[in-house]
Amino acid sequence: MIEPISIDLASLNIPSLVPMMVAIVGALSIICIDLVNKKLDKSLYIVLAMLFLAVDFVTVIGFNGAIRGFFDLMLVDGISILAQAIIIIGTAFFILLGFTKQRFQEQRYPEYIALFLFMAGGFQFMVSSDSLILILVGLETASMALYVMIAMHNRDRAIEAAIKYFTMGALSTAFFAFGAMIFYALTGSVELSKISLVLVASEFENYGVILLGVVFMLGALGFKLSLVPFHLWVADVYEGSSAQLAGFISTVPKIAAFVVALRFFEIFVSVDNEWVETILFAIIVLTMTLPNLIALVQTDIKRMLAFSSISHAGFVFSAILIESTQATIGLFLYWILFALANLGMFTLLWMNRNKAQKESSDNQMINYSGLIKTAPAFALLNGLFLLTLAGIPPFSVFWGKMYLISSAINNGYMILAFVMILNSAIAVYYYLRPIVYMFFREKIAQKETIIGTNSTLMLKVIVASCAVFAIISVGLIDILIETISFYVQISGY
Amino acid sequence: MEHILSILIFFPALAAIIGFLVKEDSIKAYGIVVTAIVFILSCILWYNFDNAQAQMQFTEYMELIPSFGINYVLGVDGISLFLVIMTTFMTMISLIGLNEKRDLKNLIISILFLEMTMIGVFVSLDAIVFYLFWELSLVPMLYIIGAWGAKLRIYASIKFFLYTFLGSLIMLVGMLYMGYIYFETTGSWSFSFLDWNMLALDYNLQLWLFAAFFAGFAVKVPMVPFHTWLPYAHGQAPTIGSVILAAILLKMGTYGFIRFSLPLFPDASVALMIPMGILGVIAIIYTAMIAYAQEDIKQVIAYSSISHMGVIILGTFALNVEGIGGSIFLMISHGIVSGALFMLVGMIYDRRHTKMISEFGGLAKVMPRFATIFAIMLMASVGLPLTIGFVGEFLSLLGYFRVSPTLTLLAGLTIILGAVYMLSVYKKSFFGELKNEENKKLEDIKGKELVALVPLVALVIFLGVYPKPILEPVDTSVKRVLQVMQVKAVNEETREKLAKLNSIKEHE
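Sequence order for the protein chains is G and U.
Our numbering puts the first residue of the first sequence at 1, with every later residue one more than the last.
Our numbering puts the first residue of the second sequence at 1, with every later residue one more than the last.
Same shape as in the complex, but just chain G (with noise of 0.2 Å):
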């Protein structure tokens, strides 16, 4: 006779998976509504998940269950929290972009806010692991959904962006497999923690292998993040995409897969394993910089803004290479101000998004000038975002750099603080190239562009708030270390 399996309820710890779940019951939920009633207006659908994502990050912050879950899948501990939050009130923020003054193709679709949903979900399952297959399928929910998302917007550039994206998405999703498949060749067991137990004990034998499953690691993770050269899909996905996934793709997938980043190099960068080193130290300054100098060129403001966001995710990876206390706060701290710069700077481009014009005209510098004598709110908001990103103090993206070359330079990484001012210096160049065309040049008289085209009033709110934020943040900075510091250490970081 075979006993009977007892599992414990308990030790399954439910509460670690009643965030994800909620997200994913609301985008079921959504999915349901609609099938019963097909009439109902896109503003129903956008508040429902409003409402469930509230839920979601109620439960997110208020968790103090033990830290393992779900036969040692799960893994909530400070970071997965603090990546969390970060994820539902980005998702949040570009769910509500959704009110626009025009109609688009994606607004049609309740499944659109569904996906958005889902994706949430799968970012969340994302971090809340240690397992690198269930890291693997929230990766890969999260990505299909937002494959489709794209397409959803239904133009040329739109489907192409789509499906430029998901050949890499679906190749990177292959190297991430093969690296689990070398490591559980190796160590027997698909959880990072096991991994680095069995790795450190063996004293890093099959070195070769071991740099061979690294690398794989490191094309996924970096296809995701944008590393240099993972990145070359980046400007023509943002360019594809609507205004606002594009300012989503550039923030929130990213938090996921550097708390992934986190917790897999820091198997390797830990016990200062030289080769590792290297190449993250390459990758980053080739991140850095290659995008920097590309973005000089552009004309197109939205490829300028994708290059850009390369450039910073690599300023943002160097924190995985120095590995201290003080690099993982000011990772998160940085990517916080940094999101919300963006997500100012995405939603201004947004309201300019007009049906009736080709896309690819829209977002042309040229189409700026002289802004500043027929549209000066928007010149001195679009003026300030740029300014912000560009890490002129003291708005709110200097004070992340300003922390991360802190913690560059307090661990002895000189050469890479260089690196990184020198890019800052290279950066203010292309972001100040929009705010000469608004502020410096006249009005190019053939072109009526119409600004504000889309906005409505909640776009102006987030606009505004954005705006407020980078102006005052210097008085949150505080609270923000405080917060995330007490997250990062409680999780041994």
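In short, the hints are calculated from the structure, not lab data.
Where a beta carbon is used, it is the ideal one built from N, C-alpha and C, also for glycine.
Be a bit skeptical, because a hint or two may be false.
[What the hints assert, rightly or not] Pulled a few chain U residues facing chain G out of the computed Cβ check, cut under 10 Å:
no., residue
1, 30
2, 46
3, 68
4, 104
5, 106
6, 131
7, 138
8, 142
9, 143
10, 153
11, 158
12, 161
13, 162
14, 179
15, 180
16, 184
Position chain U against the provided structure of chain G, taking the given hints into account.
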């Protein structure tokens, strides 16, 4: 009274934000009223300033990011007091003499924001807050040059911004490293200058950090060879942009040397006295020769600015009371004189729409008042005794004589070369035949232009004859800085050298 410094910083900014409500035709009066109020406040600050006390006065402290040691620390002493007063004064004067008509509202609001950042630089005692105001001052200046400037304005403003930004970022790395050293030594984070003053750093470290701070300050001063942004910036900027750039923004660099580099890195400063002196002398002679070759009158004054900043650097790195006191006085005097000179050039440009010297000639016949004031300012710029320019120059050179008589002799050429190019310009523009038809119809300066210039002339003569009101508080604070340097010096030879520089006896 305790918060007067915060009021001085943020009142112009508040006025700038509310200024959006004022209609365009009254915005200039609004600007003049606001800057006049700020100037009166700074005079009240001077009135309540205790000349005998060498410590920081009117200090304010508020926590900003306490977990990282960044706090809002303000304070003023003899070194910064007069820079603040000169800032508010020159901003007010430049607004009175303003003759710009396009987009006046945006211009005035930018100037008010700029005033906030400039005062903030001179009174902040926390390194990161100092950096914050330092960088923020670039943004309104970028806008002023870029929007109201001449043909190549975009190139000039972007070059100015990027060059200065890169230098300041290197300075930021130095500041962050210094903060880290403080954390390692004492166990708590602080970026306050008052706390950093207690650290005694190892010599090699001092050299590196001096170099990092040097990068930021040297581009701003500007020191040769980092000066190439200035002629463009001046050439393309509108008059008011040039006035504020020359009068105040350049002083931030030299102020930074005295406030940060000297007391924090005494051994490095002493060791680099001669190299800095050489750079100063090169600046003096080289840019004076370039000034002589210019055909555009504004460029002549721009290059003469760089030349005078060379004398200021010389005085600063004399590392004795005469030298540093002289350099601070020269900062004030250069601010007034070059501000006046740029305004005068602006006035003739408004009339003739050209700045080429060849277009002028015989102007003294049609514009006698203009010629007189120009002559007085010229004499002050050259350094004629009994004008304000003489006091600062003489003291700086006197101070540096103790360091190296040869370099001082070469630097003294500034007086001769200055006379050469300035008198040559004057002769070509003002004396001689009135050949050009256009010039015969020119109106002399009157009204608001006179109101703006007469106080400057008065100051030039008054402070030239009686410089004590400024020199006294400056002396007290400078003595303290030198004392701090003496105490903190790590190497014995530094201490000996400093003692030697500050005494009259030949051998100790």
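The hints, checked one at a time:
1. 30: 18 Å, violated
2. 46: Interface hint status for residue 46(U): violated (28 Å vs cutoff 10 Å).
3. 68: 7 Å, holds
4. 104: Hint violated; residue 104(U) Cβ to chain G Cβ min 13 Å, cut 10 Å.
5. 106: 7 Å, holds
6. 131: Check passed: Cβ of residue 131(U) comes within 7 Å of chain G, closer than 10 Å.
7. 138: Residue 138(U) check passes; min Cβ-Cβ to chain G is 8 Å, inside 10 Å.
8. 142: 8 Å, holds
9. 143: 6 Å, holds
10. 153: Since the shortest Cβ distance to chain G is 7 Å, the answer is holds.
11. 158: Holds, because the Cβ-Cβ distance from residue 158(U) to chain G comes to roughly 6 Å (cut-off 10 Å).
12. 161: 7 Å, holds
13. 162: 6 Å, holds
14. 179: 7 Å, holds
15. 180: 5 Å, holds
16. 184: Result: holds, 9 Å to nearest chain G Cβ.
Hints 1, 2, 4, counting from the list given before, are not met by this structure.
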